[in-house]
Amino acid sequence: MGFFNLISEKTKQGGCVSCGLYKNAINPQIKPYGHFKLGILNVGQSPGEVEDRRGKPWQGRAGRVLRQAYRELGVALFGDCLNINAVNCRPIDKKGNNRTPTNNEINCCRPRVLRTIEENHPKVIVLLGGEAVQSVIGHRWKKDLGGITKWRGWCIPDRDLHAWVCPVFHPSYVMRQEREDVAWTVWKQDLKRALDMIHTPFPTFTEEKEKVRIVKQPGVLFEKLRKETLSMNPPYLAFDIETTGIKPYDRQNHQVVCISFCNSPNVVYVTPAPTERADVEALKKLLEDERIGKIAHNMKFEGTWMKVMYGIEVRGWVWDSMIAAHVLDNRPDITGLKFQVYTHFGIPDYDSEIAPYLKGRDPKNANSVNRVMELVRSPVGFTKLMNYCGLDSLFTYQLAMKQMEEIGFR
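The opening position of the sequence shown corresponds to residue 88 in our numbering, with each subsequent residue numbered one higher.
Worth flagging that the hints you see were computed from the coordinates, not collected in a lab.
Nothing here was measured: the structure is a model prediction, and the numbers come from that model.
Among the hints, erroneous ones may be present.
To be verified - Label pairs and their in silico Cβ distance ranges:
| hint | residue 1 | residue 2 | range |
| --- | --- | --- | --- |
| 1 | S439 | R151 | 35 to 45 Å |
| 2 | F292 | W404 | 28 to 38 Å |
| 3 | G423 | G166 | 33 to 43 Å |
| 4 | E136 | G423 | 36 to 46 Å |
| 5 | G423 | R151 | 33 to 43 Å |
| 6 | N454 | D180 | 19 to 29 Å |
| 7 | V467 | K314 | 30 to 40 Å |
| 8 | Y109 | G233 | 26 to 36 Å |
Cβ atoms here follow ideal geometry from the backbone N, Cα and C, with glycine treated the same way.
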């Protein structure tokens, strides 16, 4: 079932009744407006007093500022774009003044926004402000969504929507800053980057899950990978492990469950963690070979677990994609692999089935044993875990290659 069909199935009728904003609106359920010549969809926050009176988006002061900014970039706000809000009835407080819409109001109006996307097939979706991010991304992002500062500036190849999703500040935010403030410069740079995406074809993606190969003989895999990677140019190998906790020092209760490796964008291998001495020796030979450049997303984690659990000193480190993400953009809360995968490859929350099992059982102990062994004890569950582990390595490799190119490392 497609993304929009799935949303339609899950959405119950009566969202407007649950929300109730329509009761006090002059023009309830304001329709999308604009001629859409360039295939750009702008998603704003909610109607203000002027928009409510005129029945169209972007009619007040913020709209004038946005129209001028677009005009300077060669885009007509109403001629080249289609415009809608995250909430399409005016939210007012007890005094009758404008207010920020609530999460419930955004959730109730989300089907209208998604239906607009489905019916019009925009090339670029500009999300103006945190409420727009909440509307279009929030229901698919199961982690801490964060605010617009975290999301602004990214041009995301969103696979569900088949469009470039580009969050930027809302014009009302920059209007509250001094004209010389850096926020104005950042806003205009982000707008230019977003609008320029109409000239960038949407990427063609392959199904990553089909690239995962589960191998039941660890030692055979390790030896194959060592020979294969050494024959490559460059000989780079990304790897990832799934464990029963965060730190390995409690060896009686913790263990490595599975390991995955990726040395090309076309295939990734995953295997149960080795238990036989010969298999561990083959793993040691692979990971201690300095001729093979090792890649990980937080190499300290993988390196520490290998050292403590197997006595393996990983050698030949060439790249940590988590550190590189921070070097490229030092904003907080953006270096996690799942955020990087969504912003670069357009997949939100590919870990949704596994994430509940990765949390420690004791919320007061950060290193308490998690629930991963529940998956291991189930053939279906263990397969899901190994597929997830494989995707981590595959995305780490792909992300590292993009980062190296951007930084000029290779």
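Results of checking the hints against the structure:
1. For the pair S439 and R151, the supplied restraint of 35 to 45 Å holds, since their beta-carbon distance comes to about 41 Å.
2. Our hint of 28 to 38 Å for F292 and W404 holds, since their Cβ atoms are close to 29 Å apart.
3. At about 40 Å, the beta-carbon gap between G423 and G166 stays in the expected band of 33 to 43 Å.
4. Between E136 and G423 the Cβ separation comes to about 40 Å, which falls inside the hinted range of 36 to 46 Å.
5. In this structure, G423 and R151 meet the distance hint of 33 to 43 Å, their C-beta atoms being roughly 38 Å apart.
6. The hinted window of 19 to 29 Å between N454 and D180 is violated, with their beta carbons roughly 46 Å apart.
7. Our hint of 30 to 40 Å for V467 and K314 holds, since their Cβ atoms are close to 33 Å apart.
8. Distance hint check for Y109 and G233: the Cβ-Cβ separation is about 30 Å, which falls inside the suggested range of 26 to 36 Å.
Checked against the numbered hints given earlier, the structure breaks only hint 6 and satisfies all the rest.
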